[in-house]
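Required output: the full structure, derived from the provided sequences and hints.
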Amino acid sequence: GAVVSQHPSWVICKSGTSVKIECRSLDFQATTMFWYRQFPKQSLMLMATSNEGSKATYEQGVEKDKFLINHASLTLSTLTVTSAHPEDSSFYICSAGDWTVASSPLHFGNGTRLTVT
Amino acid sequence: AQKITQTQPGMFVQEKEAVTLDCTYDTSDQSYGLFWYKQPSSGEMIFLIYQGSYDEQNATEGRYSLNFQKARKSANLVISASQLGDSAMYFCAMREWAGRRALTFGSGTRLQVQP
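Line by line, the protein sequences are chains H and A. Under our numbering, the final residue of the first sequence carries the number 117; numbering is consecutive throughout. Under our numbering, the final residue of the second sequence carries the number 1115; numbering is consecutive throughout.
Calculated from the structure, these hints are not laboratory results. Please note that a few of the clues may not be correct.
With a Cα cut of at most 25 Å, we get these calculated SDA-like pairs of lysine to any residue [to be verified]: (1) K41/H / D1026/A; (2) K1003/A / K20/H; (3) K55/H / E22/H; (4) K41/H / D1055/A; (5) K20/H / N70/H; (6) K41/H / A1071/A; (7) K41/H / S1041/A; (8) K41/H / S1031/A; (9) K1003/A / V62/H; (10) K1003/A / V19/H; (11) K1003/A / P40/H; (12) K1003/A / N70/H; (13) K1073/A / M45/H.
Okay, structure coming up:
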């Protein structure tokens, strides 16, 4: 079964509104989670690293004020797209892993397809 | 800086045949892990296989095997006995243990299995 749960799986919102995406680790505690963005027919690009109890680390070019990340517990990270615009429409996918085992893969949520109208 | 290169945007294979998806990587670290993921049209990322930089044996997982050539910095995925359900995007990814520990992905290869 899924070890990372992401919700919602799709969302349509109007330009200027905010959207919150949740990512939960189900079988393990995740001190670190990662948020990726994927445009159609492209690869996954890391947006930010979400750290439990501290500020997220954003990749270069990612607006931290637009993409708010909160990692308030060991099993939940949220990504809020603030004042969404059509260019924010994309596939957002979170991931987490068990760091106690080097070979442990990152597990991914099923992704959230965001459409901003 | 790390970089993953997948030079095959698309591949076709006949059902029941084997196919190799290429992946080369670039890192200055000695400790790293290489991963392959499958992404069907539904969007989920499915972990297939892992190879550690210190692993001497090539990894295998069922019909998947990883042809790891460390000196050439390549980690090709071999899928044997292709099935129609193997049609998907395939991503090679790397994680450096001493770094951010996020996965860096290649551009992907779209595999289409033909009956």
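Results of checking the hints against the structure:
no., hint, verdict
1, K41/H / D1026/A, "23 Å, holds"
2, K1003/A / K20/H, "31 Å, violated"
3, K55/H / E22/H, "17 Å, holds"
4, K41/H / D1055/A, "32 Å, violated"
5, K20/H / N70/H, "10 Å, holds"
6, K41/H / A1071/A, "31 Å, violated"
7, K41/H / S1041/A, "10 Å, holds"
8, K41/H / S1031/A, "30 Å, violated"
9, K1003/A / V62/H, "19 Å, holds"
10, K1003/A / V19/H, "32 Å, violated"
11, K1003/A / P40/H, "21 Å, holds"
12, K1003/A / N70/H, "28 Å, violated"
13, K1073/A / M45/H, "22 Å, holds"
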